[in-house]
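Please build the complete structure, drawing on both the sequences and the hints.
The primary structure of each chain is shown beneath.
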Amino acid sequence: MIQFAAIVTGIFREAIAKKIFLGFMVISTLIILAFVFIVNLDSVDGMIAMFGASGDTAVKDMVIGFQILVLNFSYLLIITFCLISVSSFIPSMVEKGNIDVLLSKPISRGAIIIGKFTGGVLLIFVSLLYLIGFVWLILSVKTGYWHIPFLYSVFWLTFSFAAIYSLLIFIGLVTQSSVVSMITGFILAFVVTPVLAVRSELFSFISNDAVRFVIDFFYYILPKPGAIADISAKILEGKEVTSYEPLITTALFTIAMLTISISYFRRRDY
Amino acid sequence: MKVISTKELVKVYQSKLFSKDGITALDNFTFDVEQGEIFGLLGPNGAGKTTLIKILLGIVLKTSGDARVFESEVSNVAYKKKVGYLPENHRFPNYLTGEQVIRYFGKLSGIEGTKVDSKIDTLLEMVKMKEWRNVKIKKYSKGMMQRIGIAQALVNNPELIFLDEPTDGVDPIGRKEIRDLLLNLKSEGKTIFLNSHLLSEVELICDKVAILNKGKLLKTGSVDELTSTGNTFRFFTSELNDKVINYLLTGFKAVLHGNSEFTYNSSNDEDLNKVIDYLRQQNVLIRSFYQEKSSLESMFINLIGQEKEAVN
Numbered sequence: 001m002i003q004f005a006a007i008v009t010g011i012f013r014e015a016i017a018k019k020i021f022l023g024f025m026v027i028s029t030l031i032i033l034a035f036v037f038i039v040n041l042d043s044v045d046g047m048i049a050m051f052g053a054s055g056d057t058a059v060k061d062m063v064i065g066f067q068i069l070v071l072n073f074s075y076l077l078i079i080t081f082c083l084i085s086v087s088s089f090i091p092s093m094v095e096k097g098n099i100d101v102l103l104s105k106p107i108s109r110g111a112i113i114i115g116k117f118t119g120g121v122l123l124i125f126v127s128l129l130y131l132i133g134f135v136w137l138i139l140s141v142k143t144g145y146w147h148i149p150f151l152y153s154v155f156w157l158t159f160s161f162a163a164i165y166s167l168l169i170f171i172g173l174v175t176q177s178s179v180v181s182m183i184t185g186f187i188l189a190f191v192v193t194p195v196l197a198v199r200s201e202l203f204s205f206i207s208n209d210a211v212r213f214v215i216d217f218f219y220y221i222l223p224k225p226g227a228i229a230d231i232s233a234k235i236l237e238g239k240e241v242t243s244y245e246p247l248i249t250t251a252l253f254t255i256a257m258l259t260i261s262i263s264y265f266r267r268r269d270y
Numbered sequence: 001m002k003v004i005s006t007k008e009l010v011k012v013y014q015s016k017l018f019s020k021d022g023i024t025a026l027d028n029f030t031f032d033v034e035q036g037e038i039f040g041l042l043g044p045n046g047a048g049k050t051t052l053i054k055i056l057l058g059i060v061l062k063t064s065g066d067a068r069v070f071e072s073e074v075s076n077v078a079y080k081k082k083v084g085y086l087p088e089n090h091r092f093p094n095y096l097t098g099e100q101v102i103r104y105f106g107k108l109s110g111i112e113g114t115k116v117d118s119k120i121d122t123l124l125e126m127v128k129m130k131e132w133r134n135v136k137i138k139k140y141s142k143g144m145m146q147r148i149g150i151a152q153a154l155v156n157n158p159e160l161i162f163l164d165e166p167t168d169g170v171d172p173i174g175r176k177e178i179r180d181l182l183l184n185l186k187s188e189g190k191t192i193f194l195n196s197h198l199l200s201e202v203e204l205i206c207d208k209v210a211i212l213n214k215g216k217l218l219k220t221g222s223v224d225e226l227t228s229t230g231n232t233f234r235f236f237t238s239e240l241n242d243k244v245i246n247y248l249l250t251g252f253k254a255v256l257h258g259n260s261e262f263t264y265n266s267s268n269d270e271d272l273n274k275v276i277d278y279l280r281q282q283n284v285l286i287r288s289f290y291q292e293k294s295s296l297e298s299m300f301i302n303l304i305g306q307e308k309e310a311v312n
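Protein chains in written order, with this note's numbering: chain A, 1 to 270; chain F, 1 to 312.
Calculated from the structure, these hints are not laboratory results.
Incorrect hints may have been included.
With a straight-line Cα cutoff of 27 Å, these simulated DSS-like cross-link-like pairs (lysine-lysine) come out [as the list claims (entries may be wrong)]: (1) F:Lys128 - F:Lys82; (2) F:Lys243 - A:Lys96; (3) A:Lys18 - F:Lys139.
This is how it looks when you write it as structure tokens:
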């Protein structure tokens, strides 16, 4: 347990040392400060006065609107900053001279991978909790509308990140390259998933069953961070979520990636 | 008690993915290391020394055979609580200070934070790095990195310490300090497994030595056993006259090396004493005499040379 905790805290130390994490925190702080100054009590009072009885609803809509804005921004921010930050965790761990000492310690290879995964996920969770938690607090205090579902976004976004991170762990172990890991993460997050997300629309242009099957195959096996962000936004707006399938397939993808990574790591000579 | 034991250990590295061909790094390697020894592992580059250490630490996986440390299979990580390791060309996270390196690896060894903290002072003092404790290791010289590396290898108070080229990059005074430290650890009953290219160093501190070449164990034994050239004694005397020289050459089959130096091959102590008695009877002053030995280096070079010739 001590060794596992050392791996997890080591991730935090590495992230802080690499400055990119600090960059994320600085941007988050700027966003929080922006909310402190933009949303003031006068504008809320004015809105209530302007809309009369429906003023409360207008305030709620404004709060939810801000929250969706922050949610979407956080998604982009977390993917961009954190992919740059975490993509080097595994390649730097398996560097010659570093991995030797690590593997000579009384901790199993499986626990090392789970520790690195847990550390990365906790790092992102804390970062998101800082950004979303403070934005929620400021909006709530200033408007008097305490919209709890916005806080759930921390979990949804962390979950999306965990799926992509599990892939980065595997790519990092196989290629031992931060650049390849980062590029893979970006392609998955910004190219593959958005394309697969509109597969129903794509099918109207594709008549070949084999191609449809291939698209479907990748849709179901790959994680769906975009779809999870959509689910999060629906929950935020109080709309009905029609399918939780993206959550299930993304969770399965994460588990599969970690299992494959551990299995690969256990068989490797360093 | 055997601390390390291998039996018919084989390691073949695959040269290409999915290829059946491979490079044999260890070939039916069998040996033991007893508790409390300083054991030196010698061999030319590519002999399989580092592979052996890495198998014993579970960093490289064996192909076949048996490898045990503290009678535990190397696949079981629990034995590593009693092991310390300094790899060759180690790279610790360069954003850490010397103190943080020791703390981090101490925790990875399973020691609680407060217990690690209580050891840091002693360890830094031991490797003479106390004044550098708060400096980031990216500013350290090679020698300083070795010292911090040794400190992290000792943080869990290990019973067995693997050191791969521990004095690499260390100045002569530093080497002497490391040698003294190793001898001190030995006196505490710890077992040290040393891999070094510096044969003179190995000769100075190792109790037992194994020589590897191309993955095979060529020779193992104590340094004295390996460097002994038989029962040849070298005498330094006052100037010898012709009569004495003739008798030494004919009667004792000695080999002359000038007028006051000769070597004599004695099969037993009685014959050796006969030479001494004869010299004293002839009023020859014996200044000194000793049993001849070759250096570990010359023995090593000869052995590897013979091996090459045998292959050719």
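Evaluation of the provided hints:
1. Of the pairs offered as hints, the one joining F:Lys128 and F:Lys82 holds, with about 24 Å between alpha carbons and a cut-off of 27 Å not exceeded.
2. Note on F:Lys243 and A:Lys96: the hinted pairing is violated, with a Cα-Cα distance of about 68 Å set against a maximum of 27 Å.
3. Distance hint between A:Lys18 and F:Lys139 is fulfilled; the C-alpha atoms sit about 17 Å from each other, no more than 27 Å.
Checked against the numbered hints listed earlier, the structure breaks hint 2 alone; every other hint is satisfied.
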